[in-house]
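Engineer: Please put together the full structure from these sequences, using the hints given.
Number of protein chains: 2
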Amino acid sequence: MNEKLLGLRCSQCATFFKPDEALYTCPKCKGVLETVYDYEKIEGQFDGEDLWRYRQLLPTTNRTNLWVGRTPLYKSTILNEKLGLDDLWIKDETKNPTHSLKDRASAIVVALAKELGYKTITCASTGNAASSLAGISASEGIESCIFVPENIPLPKLIQLQTFNARVFRIKASYDDCFDLCNRIADKYGWYNRNTAYNPYTLDGKKTVAFEIAEQLKAPDKIFVPVGDGCIIGSVWKGFVEFQKLGLINNLPELVGVQAEGCKPLKDGFDLGKKVPDVAKPSTLAESIAVGKPRNGFMALRDVRKSKGKFVSVSDEEMFEAMKLLGSTTGIFGELAGVASVAAIKKERESNNIDRGERVVGLITGSGLKDIEAAVKLFGKTDLIEADEEKICERIKRMKWHKKNERR
Amino acid sequence: MNEKLLGLRCSQCATFFKPDEALYTCPKCKGVLETVYDYEKIEGQFDGEDLWRYRQLLPTTNRTNLWVGRTPLYKSTILNEKLGLDDLWIKDETKNPTHSLKDRASAIVVALAKELGYKTITCASTGNAASSLAGISASEGIESCIFVPENIPLPKLIQLQTFNARVFRIKASYDDCFDLCNRIADKYGWYNRNTAYNPYTLDGKKTVAFEIAEQLKAPDKIFVPVGDGCIIGSVWKGFVEFQKLGLINNLPELVGVQAEGCKPLKDGFDLGKKVPDVAKPSTLAESIAVGKPRNGFMALRDVRKSKGKFVSVSDEEMFEAMKLLGSTTGIFGELAGVASVAAIKKERESNNIDRGERVVGLITGSGLKDIEAAVKLFGKTDLIEADEEKICERIKRMKWHKKNERR
Numbered sequence: 005m006n007e008k009l010l011g012l013r014c015s016q017c018a019t020f021f022k023p024d025e026a027l028y029t030c031p032k033c034k035g036v037l038e039t040v041y042d043y044e045k046i047e048g049q050f051d052g053e054d055l056w057r058y059r060q061l062l063p064t065t066n067r068t069n070l071w072v073g074r075t076p077l078y079k080s081t082i083l084n085e086k087l088g089l090d091d092l093w094i095k096d097e098t099k100n101p102t103h104s105l106k107d108r109a110s111a112i113v114v115a116l117a118k119e120l121g122y123k124t125i126t127c128a129s130t131g132n133a134a135s136s137l138a139g140i141s142a143s144e145g146i147e148s149c150i151f152v153p154e155n156i157p158l159p160k161l162i163q164l165q166t167f168n169a170r171v172f173r174i175k176a177s178y179d180d181c182f183d184l185c186n187r188i189a190d191k192y193g194w195y196n197r198n199t200a201y202n203p204y205t206l207d208g209k210k211t212v213a214f215e216i217a218e219q220l221k222a223p224d225k226i227f228v229p230v231g232d233g234c235i236i237g238s239v240w241k242g243f244v245e246f247q248k249l250g251l252i253n254n255l256p257e258l259v260g261v262q263a264e265g266c267k268p269l270k271d272g273f274d275l276g277k278k279v280p281d282v283a284k285p286s287t288l289a290e291s292i293a294v295g296k297p298r299n300g301f302m303a304l305r306d307v308r309k310s311k312g313k314f315v316s317v318s319d320e321e322m323f324e325a326m327k328l329l330g331s332t333t334g335i336f337g338e339l340a341g342v343a344s345v346a347a348i349k350k351e352r353e354s355n356n357i358d359r360g361e362r363v364v365g366l367i368t369g370s371g372l373k374d375i376e377a378a379v380k381l382f383g384k385t386d387l388i389e390a391d392e393e394k395i396c397e398r399i400k401r402m403k404w405h406k407k408n409e410r411r
Numbered sequence: 005m006n007e008k009l010l011g012l013r014c015s016q017c018a019t020f021f022k023p024d025e026a027l028y029t030c031p032k033c034k035g036v037l038e039t040v041y042d043y044e045k046i047e048g049q050f051d052g053e054d055l056w057r058y059r060q061l062l063p064t065t066n067r068t069n070l071w072v073g074r075t076p077l078y079k080s081t082i083l084n085e086k087l088g089l090d091d092l093w094i095k096d097e098t099k100n101p102t103h104s105l106k107d108r109a110s111a112i113v114v115a116l117a118k119e120l121g122y123k124t125i126t127c128a129s130t131g132n133a134a135s136s137l138a139g140i141s142a143s144e145g146i147e148s149c150i151f152v153p154e155n156i157p158l159p160k161l162i163q164l165q166t167f168n169a170r171v172f173r174i175k176a177s178y179d180d181c182f183d184l185c186n187r188i189a190d191k192y193g194w195y196n197r198n199t200a201y202n203p204y205t206l207d208g209k210k211t212v213a214f215e216i217a218e219q220l221k222a223p224d225k226i227f228v229p230v231g232d233g234c235i236i237g238s239v240w241k242g243f244v245e246f247q248k249l250g251l252i253n254n255l256p257e258l259v260g261v262q263a264e265g266c267k268p269l270k271d272g273f274d275l276g277k278k279v280p281d282v283a284k285p286s287t288l289a290e291s292i293a294v295g296k297p298r299n300g301f302m303a304l305r306d307v308r309k310s311k312g313k314f315v316s317v318s319d320e321e322m323f324e325a326m327k328l329l330g331s332t333t334g335i336f337g338e339l340a341g342v343a344s345v346a347a348i349k350k351e352r353e354s355n356n357i358d359r360g361e362r363v364v365g366l367i368t369g370s371g372l373k374d375i376e377a378a379v380k381l382f383g384k385t386d387l388i389e390a391d392e393e394k395i396c397e398r399i400k401r402m403k404w405h406k407k408n409e410r411r
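Sequence lines, in order, name chains E and W.
Just so we're aligned, residue 5 is where the first sequence starts under this note's numbering, counting upward by one.
Just so we're aligned, residue 5 is where the second sequence starts under this note's numbering, counting upward by one.
It is worth saying that the hints were derived from the structure and are not from the lab.
Where hints are given, some of them may not hold.
Same chains, same names: a pair is fine if it fits in one copy or spans any two.
Unchecked claim - The list that follows gives simulated cross-link-like pairs (lysine-lysine, BS3-like), each with its CA atoms no further than 30 angstroms apart:
{"hint": "1", "residue 1": "K191", "residue 2": "K309"}
{"hint": "2", "residue 1": "K384", "residue 2": "K248"}
{"hint": "3", "residue 1": "K277", "residue 2": "K400"}
{"hint": "4", "residue 1": "K221", "residue 2": "K380"}
{"hint": "5", "residue 1": "K380", "residue 2": "K175"}
{"hint": "6", "residue 1": "K118", "residue 2": "K86"}
{"hint": "7", "residue 1": "K394", "residue 2": "K34"}
{"hint": "8", "residue 1": "K313", "residue 2": "K384"}
{"hint": "9", "residue 1": "K327", "residue 2": "K350"}
{"hint": "10", "residue 1": "K123", "residue 2": "K384"}
{"hint": "11", "residue 1": "K296", "residue 2": "K394"}
{"hint": "12", "residue 1": "K327", "residue 2": "K175"}
{"hint": "13", "residue 1": "K327", "residue 2": "K118"}
{"hint": "14", "residue 1": "K79", "residue 2": "K118"}
{"hint": "15", "residue 1": "K32", "residue 2": "K277"}
{"hint": "16", "residue 1": "K311", "residue 2": "K380"}
{"hint": "17", "residue 1": "K34", "residue 2": "K8"}
{"hint": "18", "residue 1": "K384", "residue 2": "K400"}
{"hint": "19", "residue 1": "K309", "residue 2": "K327"}
{"hint": "20", "residue 1": "K400", "residue 2": "K191"}
{"hint": "21", "residue 1": "K191", "residue 2": "K384"}
Structural biologist: Here it is, written out as structure tokens:
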């Protein structure tokens, strides 16, 4: 383990544990634990290209081989113009090896599992964490056992098979898979990556904030799609740690984005609650369709600390955002992955974002990983005859062709 | 245009043209043209992170914004051990923005289209070039018109829609789409990215060789999936240019990999022909199912010059390679994209590769982009009851669990 890791503090009861005193959640109250490093001993200099660049602030001295992190942060002039903004940036997490942000957490947890001597690692997931854990485990020679609900999108299921994971596709919800996975992992002594259970996933995900901070310092606002609430808590942790190290002065406002059809955190936040209620998900955005947010306490706490807010967007708005993002930046995000863009558009239209504000939107996963949702929304493409004249008539009927002729 | 670009030489009749004397294929014999630079004036120093790092050897002084190129080159200990090799490297082109190597060509061609004042760009494609051109055009504010055959894989079609391309899905083969596209582009004055027609796609794709050469110098052998024959010609051009600049001393042997069900280049090569015959494709590996290789002359010429060869692999062997690659490296390539790995395995088993040889395999596109092919091969995943006891019995029946228990 990294000797600069002092220990773990419970996000709920604040009890402090040394690294060897707690493996998963708080032994006292079951709250999610957060790592504490000896920040005074950490130099604000980093070297290397992928997320292991930040190894001083990661729990393990081991590392993985696949290139995770250091994803592009784009400023698209076209997207800025469309939204009437001057300083909007898009962080493209689809460029990670299994094409979602979850690779950041999986890399850390797999490296740690190897350091601790585990040979099998497990998680329950609706898809992105699953394929990510399976891929990174495969590349490190670790067995993965993955518990997925019946309705996992097909591309994510196929990824699991390609990576030779042991897949348990269960007639059950994600919540039930999660509980089953925890019990079985405990029985067989497998290492458990479950979200809001394994404290070190937060440390993996916080590296996305480090990368943004190195390039832009703290933006005014950062928009994050929220399901369990782990990514948004990690983003906050990342900026706070950089502030502790004196690398940035300010902290961004966090804007958590939920689906209209599943917004227990938004509702809890708006009602001033500390813990969210349970919701029944009704949205095509599978990756944020979490009725019982496992990291809800931390997500609500951190959004409040940041003076931010929660915003909800409809499936229709996410679909529009998918097209808006794709047609202006060439990035194809999944519905949940572009919820950030949908919320930025909505907030801008409501004048809750000023033109000059520095705003970052996280694109958390690739649209290729949930192609069925996109198919439902786009419908079919006409199949046309191979007849040049007819095709040209079709072109003439399109509005754009005149102005785009060169001669 | 780059002032170090002297002109274009026909790969067939060797006539030389200045950059403004030829736009697409050879005005005299319709052969594919190849760029010629003033190599004595080029410094062997490069700076920047994506493929624009090599702008001295690219036709345009313009550039694009999406991060294309600088993809990872991995040495997987696990894969090397499985194949009994010591020095095998995998170049992961799925990390490009639309998840295939084709982004390298699209970036160059779109940058050039903008420099030349075009507002619309077009191509015909079985999928990867299509989605690549559409995505990069969108990010640069250029309209794209894409001609695709009926059987384009769904994820690639959805990418096109997300990127707001004008999609013409035609009841015709790729070959017919290609001809239709050329005629219509000519009529409306659109810029044409078609493979083995636009000479600058080769310059985009050659950057993959530059990256390999910067990291490894010239490997002993490089395995390249081959359809039209453009990537393999580009790879050769890249190494040859680096040799001209004195950056490497040797050149690699090229191994072109074709599907058993569509191998006109392998057959032409083995028969000593200069131009391949036409084949009728019968393979699930869509991206290399090209019956009439448009860059066949150059592909045969360059493989001969390199003292290399062609190898063919069955769909079954590609499927096995998909699993082998995924389960050892965490990279999910499409069938055509992993043909290289299938051929490396086959050649190693036939003792045509020595243990110590430095070998590179190109993974040209992501498996997520042709998920249907993978589904056909993997079949269904069992759906099981949410019953802890039954799941544990299932685990007990699996061979691996005993040796992987920690306690």
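Engineer: Indicate, hint by hint, whether the structure satisfies it.
Structural biologist: So, going through the hints one by one against the coordinates:
no. : hint         : verdict
1   : K191 to K309 : neither (39 angstroms within a copy, 60 angstroms between copies)
2   : K384 to K248 : neither (52 angstroms within a copy, 50 angstroms between copies)
3   : K277 to K400 : neither (58 angstroms within a copy, 44 angstroms between copies)
4   : K221 to K380 : neither (39 angstroms within a copy, 48 angstroms between copies)
5   : K380 to K175 : both (23 angstroms within a copy, 23 angstroms between copies)
6   : K118 to K86  : between (47 angstroms within a copy, 20 angstroms between copies)
7   : K394 to K34  : between (67 angstroms within a copy, 28 angstroms between copies)
8   : K313 to K384 : neither (37 angstroms within a copy, 42 angstroms between copies)
9   : K327 to K350 : within (15 angstroms within a copy, 43 angstroms between copies)
10  : K123 to K384 : between (46 angstroms within a copy, 27 angstroms between copies)
11  : K296 to K394 : between (54 angstroms within a copy, 26 angstroms between copies)
12  : K327 to K175 : between (33 angstroms within a copy, 26 angstroms between copies)
13  : K327 to K118 : between (41 angstroms within a copy, 23 angstroms between copies)
14  : K79 to K118  : between (38 angstroms within a copy, 19 angstroms between copies)
15  : K32 to K277  : within (22 angstroms within a copy, 76 angstroms between copies)
16  : K311 to K380 : neither (37 angstroms within a copy, 50 angstroms between copies)
17  : K34 to K8    : within (25 angstroms within a copy, 66 angstroms between copies)
18  : K384 to K400 : within (22 angstroms within a copy, 46 angstroms between copies)
19  : K309 to K327 : neither (33 angstroms within a copy, 46 angstroms between copies)
20  : K400 to K191 : between (67 angstroms within a copy, 12 angstroms between copies)
21  : K191 to K384 : between (48 angstroms within a copy, 28 angstroms between copies)
Checked against the numbered hints above, the structure violates hints 1, 2, 3, 4, 8, 16 and 19; every other hint is satisfied.
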